[in-house]
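Undergrad: Here is what each chain is made of, one letter per residue.
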Amino acid sequence: MSPTVIGFPARGDVRRSRQSPVTMTCDTSIDEIIDAAIEAAPDCLRRRVILQAIDWSMVAPHKVSILLSSLEQAHVAAPRWLSRSLLLAGHVLPDQTERHLPSDLAVLNRLNRATGEPHERDKAATLDALAHDDRVDCDVIAALVERLIGLSWDEEAVRLALAHGHRVPDALSHAASLLAAHIERLPAARIRLAGSSTTHTLAEDLVPAFAAQGWRVDVTQAEFGGLLAELMGLQRNVDGLIVLLDFDGVAPRNWRTPAGEGFGLLVERAEILANALTEFSRRSGAPLLINSIPLPPAPAAGLLDRRHMLGLRRGVDFINERMLDAAERSNRIIVIDADQALSILPLRDQVDPRLWYYGRIAYSADAMRALARAFAQTWNLLRRGPAKVLAVDLDNTLWGGVYGEDGVDHLVCGEDSPGNAFRAMQQECLRLKGQGLLLVALSKNEPDALAAFERHPGMLMKPDDFAAWAINWDPKPENIRHIAADLSLGLDSFVFLDDSAHERDAMRRLCPEVVVPEMPPDPADRPLWLRRLTCTWPLRLTAEDETRAAMYAAERQARGLRASAANFEDYLRGLEQRLTISHVHKETIARAAQMHQRTNQFNLTTLRSTEAEIAALMEDETRGLALLGRVTDRFGDHGIAIAATVTIDNGEAVIRSLLMSCRVIGREIERAFLGELLQEIRRRGVVRVRGDYLPTRKNGLVRDFYALCGFTAAGADEMRSTWSFQIGETELPSSEFVAVSWGT
Amino acid sequence: MDACKTEIRLAYPEIISIFEDIFQHTGTLTTATTPDDVERWDSLQHIALIRALETTFAIRLSMDEMMEIRSVGDIENMLRRHGA
Chain L
1 MSPTVIGFPA
11 RGDVRRSRQS
21 PVTMTCDTSI
31 DEIIDAAIEA
41 APDCLRRRVI
51 LQAIDWSMVA
61 PHKVSILLSS
71 LEQAHVAAPR
81 WLSRSLLLAG
91 HVLPDQTERH
101 LPSDLAVLNR
111 LNRATGEPHE
121 RDKAATLDAL
131 AHDDRVDCDV
141 IAALVERLIG
151 LSWDEEAVRL
161 ALAHGHRVPD
171 ALSHAASLLA
181 AHIERLPAAR
191 IRLAGSSTTH
201 TLAEDLVPAF
211 AAQGWRVDVT
221 QAEFGGLLAE
231 LMGLQRNVDG
241 LIVLLDFDGV
251 APRNWRTPAG
261 EGFGLLVERA
271 EILANALTEF
281 SRRSGAPLLI
291 NSIPLPPAPA
301 AGLLDRRHML
311 GLRRGVDFIN
321 ERMLDAAERS
331 NRIIVIDADQ
341 ALSILPLRDQ
351 VDPRLWYYGR
361 IAYSADAMRA
371 LARAFAQTWN
381 LLRRGPAKVL
391 AVDLDNTLWG
401 GVYGEDGVDH
411 LVCGEDSPGN
421 AFRAMQQECL
431 RLKGQGLLLV
441 ALSKNEPDAL
451 AAFERHPGML
461 MKPDDFAAWA
471 INWDPKPENI
481 RHIAADLSLG
491 LDSFVFLDDS
501 AHERDAMRRL
511 CPEVVVPEMP
521 PDPADRPLWL
531 RRLTCTWPLR
541 LTAEDETRAA
551 MYAAERQARG
561 LRASAANFED
571 YLRGLEQRLT
581 ISHVHKETIA
591 RAAQMHQRTN
601 QFNLTTLRST
611 EAEIAALMED
621 ETRGLALLGR
631 VTDRFGDHGI
641 AIAATVTIDN
651 GEAVIRSLLM
661 SCRVIGREIE
671 RAFLGELLQE
681 IRRRGVVRVR
691 GDYLPTRKNG
701 LVRDFYALCG
711 FTAAGADEMR
721 STWSFQIGET
731 ELPSSEFVAV
741 SWGT
Chain A
745 MDACKTEIRL
755 AYPEIISIFE
765 DIFQHTGTLT
775 TATTPDDVER
785 WDSLQHIALI
795 RALETTFAIR
805 LSMDEMMEIR
815 SVGDIENMLR
825 RHGA
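For the record, the sequence lines run as chains L and A.
Quick note: the first sequence uses our numbering, first residue 1, plus one each step.
Quick note: the second sequence uses our numbering, first residue 745, plus one each step.
Any given hint could be a false lead.
[Unchecked claim] Short, incomplete list of chain L residues facing chain A, as computed with Cβ under 8 Å:
# : residue
1 : Ser-173
2 : Ile-344
3 : Gly-359
4 : Ala-365
5 : Cys-535
6 : Trp-537
7 : Gln-679
8 : Arg-683
The hints are simulated quantities; they were obtained by calculation from the structure and are not laboratory data.
The C-beta atom is built at its ideal place from N, Cα and C for all residues, glycine as well.
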């Protein structure tokens, strides 16, 4: 049998062969039943009948509209399962429903609505977040890929399908023809595949698995059972060897043999394998990736399986041990931990005995895909190297709370719940530091935020654990570029951890080389998640790894990172920010007062106004005004995030307070808001405006705010600086990145 | 409604899209179709076919049934037996 080259099969054009998701039924009596169910939808939901059984892809969009409006009239919210079925069937849900959907379904809704206009495509950037999230609903992924193909957004379809290929094979088959074209363009990895069982299905699974890591794999397969010959022979024209190992293939047991003798044979087989591996590494320059033998799916000696010589587990452990010994002495053999790779599957689903008896296929289809993924990830780790730098956010990532708002004493981190989850996260960072990664703090914060590590008793990390930091209000992508330059490291060796979807998105757009995983929203999930992050896994550990961070620390100097924000503008433009301004009224006055009480950083005067004081300003509209702004963007609703109060006296307006939530700092919301505030003042017949800045320990951020907005300095002392603005003489501040409207 | 009619020819029209996905087979399918008529229907892809049938119809085939299937008609008989 000659080696066969396996490539990705060219498949039929999906766009042509697949029908659009929504099609009409032709059966009138069924139509009538569905119509009746739609009419009685609120009752159906209450009694949990009929609606679950409807295939919504057979129902016309206008009937779905009727369904949704009848639910709305009855004040019944569409339950999540119904929204999901409607969206999977290709229907579009209204905006107010979309707002309550999880991000995967919200994106599906946007794609269902999309008509393929170029400006809609930008929204697909949220797909990157879904591509990095292992927990997204498999059916939704498959549907998203189908929609993207329908819209001809090929690049996005391929990226999403590959990212989830190991768990959503349907997504791969939807995108098959696109994948073939995509894979053609990737750098090649010539892999020789050998095994102690059938390797054909693994050869097929390796193709998308390698593509997901950015490689085109050209596989040649060794002859069946030719494992030892492969290892002992000389490999030519290949970049690496992958070996698929299984227990029966290495050491088949014969229970007629007495226990001791049987175990002796197993030992002998293990030695042969270990020697062959050593021989391979002596002769070949190419790396060898081999899997450990996974846990046996069933014991041979019951409770004694781990200890007795008859035990399969004992045999498996012995062979693995010998293999790891051989690998340790070579720098070209890498053993993949099959138990870790297969841990997403229950033990009984890791094998499919029918496949074993049918074709000597040692692992189930799901298990084979999981192993293919582990081989591909390891290959990538080997070729591109593990990450060198872990760039971490501070607020709500390394501690709970916001340093600049809550103050150091109120940060959550320590021995007790919930601070212990953040402390565990710090522990994980220290673990990676010990393995040679450099830690970098990347935070939009007061410049002295690192001091929290010293001043807060619950913190595990210390400021000098960080090899570098950028703690300022500049865009993080700019900061990370400066740090990469300072450390003389490529951006592709950086991993960036941040709890904010905005920051992750900005980083992915502006620094695509940086690895930006989707950190779980619950701090409790993060420490284990970080340990599973393969790009941080070391291939080899040396004594130098432990001291690398110290070397950098010695070289470190204060780096004032001031960045110009050239391409940050593209990011802001893509955010589609909307600012809705309204006068404070009965329903919003509590929020206005609360903001005055709480906001520390973006706060010009830090005037702690109460509800009564704000209400007084609104009594006479020629004497004062109070405005609020609600901010929304592509990622959702940020609520009321900016506020100001003004007094008018003697033809002069004084901005007595102007403050903004730190969630939306650095996005020009404040410029757009101030511009509208000034216009509102002009509408009251006033053109002379004064603004004060009262410095505090926390509001250094807005020291130059009025200057940047076109105000002129009108005096300053230690307590305050005063600024004036003549409406009509100077251009009003505004932002091209914020769409402003007035609401109630 | 012509599209409806051609698909009704098989008792389980889902088989058509399965054959399209697994074998890239877009030609005619009847109960008499065998591996000889479908280029990629070899012993290796047979496993993929079995898997697709199992997930689509939520059934599990035995070893024997896996081996017995030698035509589209066999598939339909098997599905009927399983009450799919």
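Undergrad: Run every hint past the structure and note whether it holds.
TA: Consistency of the hints with the structure:
1. Ser-173: holds (5 Å)
2. Ile-344: Constraint on Ile-344/L not satisfied, violated at 18 Å.
3. Gly-359: holds (7 Å)
4. Ala-365: holds (6 Å)
5. Cys-535: violated (31 Å)
6. Trp-537: violated (31 Å)
7. Gln-679: Not OK, violated: Gln-679/L not within 8 Å of chain A, min 59 Å.
8. Arg-683: Given a least distance of 62 Å, the restraint on Arg-683/L is violated.
Checked against the numbered hints above, the structure violates hints 2, 5, 6, 7, 8; every other hint is satisfied.
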